[in-house]
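> This is what each chain is made of:
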Amino acid sequence: GAVVSQHPSRVICKSGTSVKIECRSLDFQATTMFWYRQFPKQSLMLMATSNEGSKATYEQGVEKDKFLINHASLTLSTLTVTSAHPEDSSFYICSAREDPNTGELFFGEGSRLTVL
Amino acid sequence: AQRVTQPEKLLSVFKGAPVELKCNYSYSGSPELFWYVQYSRQRLQLLLRHISRESIKGFTADLNKGETSFHLKKPFAQEEDSAMYYCALRGTGNQFYFGTGTSLTVIP
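In order, the protein sequence lines correspond to chains Y and S.
Under our numbering, the residue at position 97 of the first sequence is numbered 116, and the numbers go up by one with no gaps.
Under our numbering, the residue at position 14 of the second sequence is numbered 442, and the numbers go up by one with no gaps.
Accuracy of the hints is not assured; some may be wrong.
[Said to hold, decoys possible] Computed from the model, here is a short list of chain S residues facing chain Y with C-beta under 7 angstroms:
no.: 1; residue: Arg-431
no.: 2; residue: Thr-433
no.: 3; residue: Glu-460
no.: 4; residue: Leu-475
no.: 5; residue: Leu-476
no.: 6; residue: His-478
no.: 7; residue: Arg-518
no.: 8; residue: Phe-524
no.: 9; residue: Phe-526
no.: 10; residue: Gly-529
Hints were generated in silico from the structure; no laboratory data involved.
Cβ coordinates follow ideal geometry from the N, Cα and C atoms, glycine included.
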């Protein structure tokens, strides 16, 4: 199946700094990627839909200025957590569809962010 | 609004016993439902989708629109089935919404 890769897998930063997480589709082009946040022992919460060449669509309650999403190419979407605080510590997962018709999502391995 | 509910956070069954993981949904349109699985230390992956009406690794799931359910079933659980299972619904904007997940443990 298709492969989605995230980088970094783990990142630790100081409060107030910004952190960028990359999501790449390695063997296919993805016009749409999805960013999720997963709290410990909880479900995946959809944060936003990243659209190549246009603005991301954010879910209700997700701060656009806090979580900046850029989808500059068909194989790369980035999530930047700006001015990170300890409550932003979480597991961030991206996903993409290879074929819009099948609906199957391929997931990245996730990125664990720890804000000190 | 769309919503996916998995009422059981934890489920334990003995090897060889039948297993059913429950999923209910709320959606105004025609739903498209999926089951995703996450094995230990691995990423989420698709298990099956209701459109395909297929059996994967012995698992099946039938969409019941009357009961708004999409329960996952397997007649004889195996140890390797121990994993986290997520029910997901595909919305009108092509977003996927996930349930809270059920952690299945198959006891040897």
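> Now, for every hint given, state plainly whether the structure supports it.
Taking the hints in turn, this is what the structure says about them:
{"no.": "1", "hint": "Arg-431", "verdict": "11 angstroms, violated"}
{"no.": "2", "hint": "Thr-433", "verdict": "10 angstroms, violated"}
{"no.": "3", "hint": "Glu-460", "verdict": "6 angstroms, holds"}
{"no.": "4", "hint": "Leu-475", "verdict": "10 angstroms, violated"}
{"no.": "5", "hint": "Leu-476", "verdict": "10 angstroms, violated"}
{"no.": "6", "hint": "His-478", "verdict": "10 angstroms, violated"}
{"no.": "7", "hint": "Arg-518", "verdict": "5 angstroms, holds"}
{"no.": "8", "hint": "Phe-524", "verdict": "6 angstroms, holds"}
{"no.": "9", "hint": "Phe-526", "verdict": "5 angstroms, holds"}
{"no.": "10", "hint": "Gly-529", "verdict": "5 angstroms, holds"}
The earlier numbered hints that this structure contradicts are 1, 2, 4, 5 and 6.
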